[in-house]
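Protein chains in written order, with the working numbering: chain A, 1 to 563; chain B, 1001 to 1198; chain C, 2001 to 2337.
These are calculated hints, taken from the structure and not from any lab test.
Ideal placement from N, C-alpha and C gives every residue a C-beta, glycine not left out.
Incorrect hints may appear among the rest.
As the list claims (entries may be wrong) - In silico EDC-like pairs for lysine to aspartate or glutamate, Cα to Cα no more than 16 angstroms straight-line: (1) C:Lys-2337 / C:Asp-2245; (2) A:Lys-360 / C:Glu-2069; (3) A:Lys-207 / B:Asp-1014; (4) A:Lys-509 / A:Glu-562; (5) A:Lys-348 / C:Glu-2088; (6) A:Lys-552 / A:Asp-519; (7) A:Lys-552 / C:Glu-2077; (8) C:Lys-2140 / C:Asp-2124; (9) A:Lys-348 / C:Glu-2055; (10) A:Lys-360 / C:Glu-2077; (11) A:Lys-207 / A:Glu-562; (12) C:Lys-2337 / C:Asp-2286; (13) A:Lys-440 / A:Asp-475; (14) A:Lys-360 / A:Asp-519; (15) B:Lys-1088 / B:Glu-1170; (16) C:Lys-2118 / C:Asp-2155; (17) C:Lys-2274 / C:Glu-2135; (18) C:Lys-2337 / C:Glu-2244.
Said to hold, decoys possible - Just a few of them, taken from the derived set where beta-carbon distance is under 7 angstroms, the chain A residues facing chain B: (19) Gln-76; (20) Leu-133; (21) Leu-192; (22) Ala-196; (23) Cys-200; (24) Phe-226; (25) Gly-230; (26) Ala-247; (27) His-248.
To be verified - Ranges between beta-carbon positions, derived for each pair: (28) B:Ile-1064 / A:Gln-253: 54 to 62 angstroms; (29) A:Ile-490 / C:Val-2100: 22 to 30 angstroms; (30) C:Asn-2306 / B:Leu-1051: 34 to 42 angstroms; (31) A:Gln-253 / C:Thr-2296: 44 to 52 angstroms; (32) B:Thr-1052 / C:Leu-2141: 29 to 37 angstroms; (33) C:Val-2093 / A:Ile-490: 42 to 50 angstroms.
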Amino acid sequence: MATQTSTTALPDTTAGPEFGRRWLEVVHEWVTTVDHKKIGIMYICYALIFLLVAGFEALLMRIQLAIPNNTFVSPQVFNRLFTMHGTTMVFFVGMPILFGFGNYLIPLMIGARDMAFPRLNAFGFWISAFGGLLLYFSYLGGDGLYGAGTAPDVGWFAYAPLTSPAFSVGHSTDYWTLALLLSGVGSVATALNMVATTICMRCPGMKLNRMPLLVWLYLVTSLMVFIAIGPLTAAQIMLMLDRFAGAHFFDTQAGGSAVLWMHFFWIFGHPEVYILVLPAFAFANEIIPVFSRKAIFGYPAMVAATIGIGFISLSVWAHHMFTVGMGAWANTFFTLATMVIAVPTGIKIFNWLATLWGGKIHFTVPMMFAVAFLFQFLIAGLTGIMLSVAPLDWQLGNSYFVVAHFHYVLVGAILMMIFAAFYCWSPKMTGRVLSEKLGKWHFWLFVIGFHLTFDFMHVPGLLGMPRRIYTYEADRGWMIWNLIVSSGAIFQAIGALVFVYNLVWSYFKGQLAGADPWDAWTLEWSTTSPPPAYNFAAIPSVGSRRPLWDLKHPEDPDSNYEM
Amino acid sequence: MGGTAVLFHNPREDWKLPSRGIVGMVCLIIAEAAIFIIFVVAYVFYLGKSLTGPTPRDVLELPIFTTICLLSSSFTVMGAVSALHRNKRNMCSLWLALTVLLGAIFIGGTAHEWYNLIYRDGLTIKTNLFGTTFYSLVGLHATHVVFGLCMLSLALLFSLRGQMTSKHTERLEVLSLYWHFVDGVWVVVFLVVYLFGR
Amino acid sequence: MLARQQWRSLAVLVQFASGHDPTSIFAPAGTPAHSIFGLSMLVLGITGAIFLVVEGLLLYVLLRYRYRETGSEPAQEPAQIYGSNQIELSWTVIPVLIVVILFLATARVIFSTELARKPAAALDVTVIGHQFWWEYRYPKLGIVTANELHIPVSDPSHPTPAYLTVSSADTDHSFWVPRLAGKTDLIPNKVNTMWIDPETAGLYLGQCAQYCGAQHAKMLIRVYADSPQQFAAWVAQQQKPAAEDPSAAEGEAVFQHNACISCHAVAGTVATGKFGPDLTHVASRDTIGSGSVPNTASNMRAWVDNPAHFKPGALMPEMHLNDHDLDAVTSYLMTLK
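So that you can see chain A by itself, here it is in the shape it has in the complex (with noise of 0.2 angstroms):
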């Protein structure tokens, strides 16, 4: 089935009042609905676009830190700038775009008609969506007590004591507390009704040693969700307390404790981060052996790391906290438990490897960015145990080495999966196959780009450069690595334009895709593209891991062998 007709389409550009009343019923149809499958869209549009804006802040900072003393923007913009970046890209770029994935195809993954709860799914985009938008109304909120009014500038992690209203005067701190309270609630909103529609909904036959490995790892993610959030709602509504009714959690002159955020802080902190990669490795676990034809290698071994990475990441945190003087039995057992975890990640990393191993490997786009993801997620890794390591950490903790790790992970693991899994699904999605050549374009521009400035930009960390300056001194040897780290922004920037530029002209012009482009075997490739809003038209029931391998291949079922 190639043609269907589409729920999803903008109407026909006629002219006339019709054109104006169908634009009026279309609107009105996205902002109502309770379709998973609406809903996951919105969710990606959303995410795009702070995706764009939070890139047009970082591309700023590094114009600004190209050469030293520059003055680009000042200081106080550079710190807000750094703090919105930062933000910004977890909990509006993250955090939504991997919902969204999750939302549009776990229900289709599960032969499922929807999620459990269709209008909290609605509620918890919406919460968040709002979350966003205060956050960015703080540029236009005008000044407060000192000029201080505006954007916050407390860095994503918001210290205390930087934070009191002693340090913090005006609301711009109350921005980024109140846009993330909201923007959890949807979170867990979203994370509740994934464990319910996937405990709930399966359809017959889907035990859940059968599902997806893709849903195995929203499962393990939502449920990361409950126990991180809660420590950070928790200390926001602890910092408000402190901010708006005089209490003393964070207030050092009244014998609070300032490391005690940081370890609320970071107990959803380190999660978080985790939260935002098992879907990028959801997504590698749906792509990879698709695109080498091959079947998951070590389908068992895979949920089990993935639940000992759930457990281990909730045990970890006090890696961000070596130099603040924990005592030297505190730091060697995160130490410990830090580089404990580096083994289930490390096992996963060899499943994709023996999965790719005897296969016949596709180099689509979606495939391209899983290499590239498999090979940049290595060394995310392997810079992570570094970093692990708390007397190496005492050096480059809070330098540009930490910087460089994370973005190495954020970006050259988590955006690059997401690449993949927008150039695999959005023909589910749109009814279009994104073009291949733009997405070759897209593809060599990002990762050079990428390369440029994350690669080097470790270096300015091994030689003494601190996180979260506007400016360094021309003395320190620093300035030819930010310039050439600057100079990569330039390439990914392109990169992405050439990402939107390819999603908008392919949903006008690209091939159709037909149900099965990529002659894949989970559930959503065996309905049309985009599927109707009912998903299915009869309940599917499954006997494999692969249900629709088994279907292509009726003479050797993967149920013969699954172990």
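Add chains B and C to chain A, keeping to what the hints say.
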């Protein structure tokens, strides 16, 4: 089911999965528990660290009566669920009314305690670390109780109007799970604040 | 001939490294930095090896198993392999072993640095972080100064490390001089300790490494490792009360009758302010503005006139002095050697 792949739904299939409502509420409870744990940790961490008085020992009295009321309300809400399951709607209304009453007594008792703490003992959230952590932890819990009371009152209203039948049992059970959680949190708060911390 | 050339290039390289990279973690000049450097070599070795092996495998797999068009018949799917217990076990065990080795090596350095025994001859310095400057107090020597830390060089056979007791008066800061040691955070209401023992005399650079507000970037650190004689001379100079130069009397009057004394201290005068750096010997320093501005008369004048000219966001306000008073107070400050 080896060998067969994607079929139309076989009605003889016995494929039973857990209830969405229960799973959803359990997830919510885990998330809320995480928030409460952090407030409890802050409370315990700051014990003995206030720079000025009053201290817990100076001003806190064991809230035995209100605790008994709140914990009993867990039993009464169980009674309501069980009554509804057996389609005994009037009993259900009665149990629900009792639950709301017991919860309201708890809130009233908390309000009374706070009135004394503020006006008699001079302890506010601004006073010292104890005030900060006490009011926030107990207040967070009280907020959850109030929310629960609102939902229970709604259920009571539906029950009195005859709109609740045995087929709504599971929904009431989901609400009762929330109520049990709130009571469970109080057990922890009671132990930490009024026993261990004093 | 060749050997000597090679040695010369190596020496030039090292000098280049420490001269052009004054804050490189790979140019250690003190014991804590040395032990971290040694550990980092082990870590780089292990991670480098993992990188070569795994990325090598990845590249091999991508090349060997890429899809090649074989003609008109439909491509056959490759053999489907679902897993292998032995293989999966081996690539679990090997990483665990690597973790054990790395962990033990790390634990040793953690304990040896943090629980090092303090020699009797150690110098005690209290470091207090402020937005955006460093306060240094030598409790046993009765010295209070700011922004430029003088300590004696430490001879390994007779160690005289400087033991820094660090805290903050406002927000979080972090003391990082890469060539001497890893960084330690300065946290209000918390006291941390660290130690440094430079092995050669010279100037060691660093800066604040925990975001502390608008001028975090210019909260620079200058550690002067002095020879024993130099250090003794510096101590003697710092222990003297403020210079009383009669030609600067007018400037002193301007200083004492304006708001200066509410933030700054000059030992032996009515100025006892604690919010800003101690100025008793300000003219003896190479820099002002916490290392960000060379200490010359014209810079001093410009700073006093409006610190935001150099450090927008610094907490010292514009002083609104007229030109005459500005000149006078500048010459006064420049006499405070």
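Against the structure, the hints:
At roughly 10 angstroms between alpha-carbon atoms, Lys-2337 of chain C and Asp-2245 of chain C fall within 16 angstroms of each other, so this suggested pair holds. Between Lys-360 of chain A and Glu-2069 of chain C the CA atoms are separated by roughly 10 angstroms; this keeps the pair inside 16 angstroms, and the hint holds. In summary, the hint linking Lys-207 of chain A to Asp-1014 of chain B is supported, as the alpha carbons are separated by about 12 angstroms, within the 16 angstroms threshold. The straight-line distance between the Cα atoms of Lys-509 of chain A and Glu-562 of chain A is roughly 41 angstroms, outside the 16 angstroms bound, and the hint therefore fails.
With a CA separation close to 10 angstroms, the supplied pair Lys-348 of chain A and Glu-2088 of chain C stays within the 16 angstroms bound. Proximity of Lys-552 of chain A to Asp-519 of chain A is assessed by CA-CA distance (about 9 angstroms); at most 16 angstroms being required, the pair is judged to hold. Taken as a hint, the Lys-552 of chain A and Glu-2077 of chain C pair is honoured in the structure, with Cα atoms around 11 angstroms apart against an allowance of 16 angstroms. Between Lys-2140 of chain C and Asp-2124 of chain C, the direct Cα distance comes to roughly 7 angstroms. Compliance with the 16 angstroms bound is thereby established for this hinted pair.
Under the criterion of a C-alpha separation no larger than 16 angstroms, the hint pairing Lys-348 of chain A with Glu-2055 of chain C is consistent with the structure, at around 14 angstroms. For a cut-off of 16 angstroms, the pair hint linking Lys-360 of chain A to Glu-2077 of chain C stands: about 8 angstroms separates their Cα positions. Restraint check for Lys-207 of chain A and Glu-562 of chain A: the C-alpha separation of about 13 angstroms stays at or below 16 angstroms, so the hint holds. Of the supplied pair hints, the one linking Lys-2337 of chain C and Asp-2286 of chain C holds, its CA atoms being roughly 11 angstroms apart against a limit of 16 angstroms.
Between Lys-440 of chain A and Asp-475 of chain A, the direct Cα distance comes to roughly 41 angstroms. Violation of the 16 angstroms bound is thereby established for this hinted pair. For the given pair, Lys-360 of chain A sits about 13 angstroms from Asp-519 of chain A by alpha-carbon distance, which is consistent with the 16 angstroms threshold. Pair hint Lys-1088 of chain B plus Glu-1170 of chain B holds up; C-alpha atoms about 15 angstroms apart against a cutoff of 16 angstroms. Taking the CA atoms of Lys-2118 of chain C and Asp-2155 of chain C, the gap is about 15 angstroms. The hint holds against a cut of 16 angstroms.
Only pairs whose Cα atoms come within 16 angstroms are accepted, and Lys-2274 of chain C paired with Glu-2135 of chain C is accepted, the gap being roughly 10 angstroms. Proposed proximity of Lys-2337 of chain C and Glu-2244 of chain C is supported: the alpha carbons are some 10 angstroms apart, at most 16 angstroms. For Gln-76 of chain A, the interface hint is violated, the least distance from its beta-carbon to any beta-carbon of chain B being 31 angstroms, above 7 angstroms. At its closest, the beta carbon of Leu-133 of chain A sits 24 angstroms from a beta carbon of chain B; the interface hint therefore is violated under the 7 angstroms criterion.
Interface restraint check for Leu-192 of chain A: the shortest CB-CB distance to chain B comes to about 4 angstroms, inside 7 angstroms, so the restraint holds. For Ala-196 of chain A, the suggested interface contact is upheld, since its CB lies about 5 angstroms from the closest CB of chain B, less than 7 angstroms. The criterion of a C-beta within 7 angstroms of any C-beta in chain B is met by Cys-200 of chain A, whose closest approach is roughly 5 angstroms, and the hint holds. Nearest Cβ of chain B to the Cβ of Phe-226 of chain A: about 4 angstroms, under the 7 angstroms cut. The hint holds.
With 7 angstroms as the threshold, the beta carbon of Gly-230 of chain A comes within range of chain B, its nearest partner Cβ sitting at about 3 angstroms, so the hint holds. Annotation: interface hint on Ala-247 of chain A holds; nearest CB of chain B at approximately 4 angstroms, less than 7 angstroms. Given hint, His-248 of chain A at the interface with chain B, holds; its Cβ is 5 angstroms from that chain's nearest Cβ, closer than 7 angstroms. Between Ile-1064 of chain B and Gln-253 of chain A the beta carbons are some 37 angstroms apart, a value that contradicts the proposed interval 54 to 62 angstroms.
For Ile-490 of chain A paired with Val-2100 of chain C, a C-beta distance near 44 angstroms fails the hint of 22 to 30 angstroms. About 39 angstroms separates the C-beta atoms of Asn-2306 of chain C and Leu-1051 of chain B, a value consistent with the hinted range of 34 to 42 angstroms. At about 38 angstroms, the CB distance of Gln-253 of chain A to Thr-2296 of chain C disagrees with the hint of 44 to 52 angstroms. The supplied range of 29 to 37 angstroms is met by Thr-1052 of chain B and Leu-2141 of chain C, whose beta-carbon atoms lie about 36 angstroms from each other.
Range check, Val-2093 of chain C to Ile-490 of chain A: about 45 angstroms between beta-carbon atoms, so the 42 to 50 angstroms window is met.
Checked against the numbered hints given earlier, the structure breaks hints 4, 13, 19, 20, 28, 29, 31 and satisfies all the rest.
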